[in-house]
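As you go down the protein sequences, you meet chains A and B in turn.
Residue 194 in the working numbering sits at position 194 of the first sequence, and the numbers go up by one each step.
Residue 54 in the working numbering sits at position 54 of the second sequence, and the numbers go up by one each step.
Treat the hints loosely; a few may be bogus.
[To be verified] Example chain B residues on the side facing chain A (calculated, C-beta under 10 Å, incomplete):
hint, residue
1, Q23
2, V25
3, N31
4, K35
5, R38
6, E41
7, F55
8, S59
9, I62
10, T63
11, K70
[Said to hold, decoys possible] Pair by pair, the computed Cβ-Cβ distance ranges are:
hint, chain 1, residue 1, chain 2, residue 2, range
12, B, D60, A, D16, 40 to 46 Å
13, B, L7, A, M1, 45 to 51 Å
14, A, T136, B, Q46, 32 to 38 Å
15, B, A85, A, S179, 49 to 55 Å
16, B, N86, A, E193, 42 to 48 Å
17, B, E75, A, Y119, 22 to 28 Å
18, A, D16, B, T80, 49 to 55 Å
No lab work stands behind these hints, which were simulated from the structure alone.
Beta carbons are placed, not taken as given, at the ideal position from N, Cα and C, and that holds for glycine.
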Amino acid sequence: MTLEDFTTYIKYDPNDRIMDLTSNHLEFWSIRNMRTRLYANYGYDHFGDFEHDISVRRTYSTDNGLAYCYMLANVVKDVSDLQNDNDEGIGFYVYDTSGGLVYWRLNEIYEGNSWIDSYTSSSSAYHYLTIEKVSTTLTCKIYSDVERTNLLTTLSLTLHADHKFKYVYAINTFHLSSSVTLRLYIDDLDLKESKDYGVII
Amino acid sequence: MRIVYPLTVLSTEKKLAFLYRLQEVLRLKHNDEGKKYRNKEITKEQWETFLSGYFNFRSDVITSEILRIKTIVTESTKYTVNLTANFADD
């Protein structure tokens, strides 16, 4: 296990929404009308098939609050811009609906469209995610324990292309002209690969 | 490994329901074994053998089949839907 060091990631946070940023942990007070992201460049086509782990906890949110706690893409943008510009990405986000439900969603964005598979949990405990891509199958297993012995659900999507990605995001926003909020704790992003980056282009 | 449907499960709708139940029963089996591992009733090696030799194959096959059937169901025009009439405020 080699955890990502969040302090080496590139931060875009003009409104100071990222707090308590340490090597394996961060707190994200997302506000939808404040674009925020934390990401790293692993190089062209780096992420093909993979298995990634991350731990996420939602402690507070208001209706329509939404934040991405994991994303892969080939551009550096807010997710709404990425979708509007027909860029591709896959990710995982937490969304507090206006109906009082909190959705945990696996997501693909491609050619201006968005596809999801959802799990509902209003728990403020940590959720332990294992996200796996094999060709055009994307799955996310959600566990209630760090040892991943208690499985809560398996989310899945058939991807619309066998994507390869350059950037990994620890957080990202989906812009909305509203100040609705959602608070996440994100820990222990493990890309399960060596840290010999080679040449980054 | 592939899914063997009961003879009574013929339609895509029934297959999807069957697959979600199969996935749920497999999840419960996973968690039973996980509980044994946490309680030290089985060893780490036994737990990992369960994952690699039993759970992962079945989970992958169920997921693949769910995605295949979901595509069929999603693209099916069998039902006429209406984005106004098929919603109510209450």
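We went through each hint and held it up to the structure:
| no. | hint | in the structure |
| --- | --- | --- |
| 1 | Q23 | holds, 7 Å |
| 2 | V25 | violated, 12 Å |
| 3 | N31 | holds, 5 Å |
| 4 | K35 | holds, 7 Å |
| 5 | R38 | holds, 6 Å |
| 6 | E41 | violated, 12 Å |
| 7 | F55 | holds, 9 Å |
| 8 | S59 | holds, 7 Å |
| 9 | I62 | holds, 8 Å |
| 10 | T63 | holds, 5 Å |
| 11 | K70 | holds, 8 Å |
| 12 | B/D60 / A/D16: 40 to 46 Å | holds, 43 Å |
| 13 | B/L7 / A/M1: 45 to 51 Å | holds, 46 Å |
| 14 | A/T136 / B/Q46: 32 to 38 Å | holds, 34 Å |
| 15 | B/A85 / A/S179: 49 to 55 Å | violated, 35 Å |
| 16 | B/N86 / A/E193: 42 to 48 Å | holds, 46 Å |
| 17 | B/E75 / A/Y119: 22 to 28 Å | holds, 24 Å |
| 18 | A/D16 / B/T80: 49 to 55 Å | holds, 51 Å |
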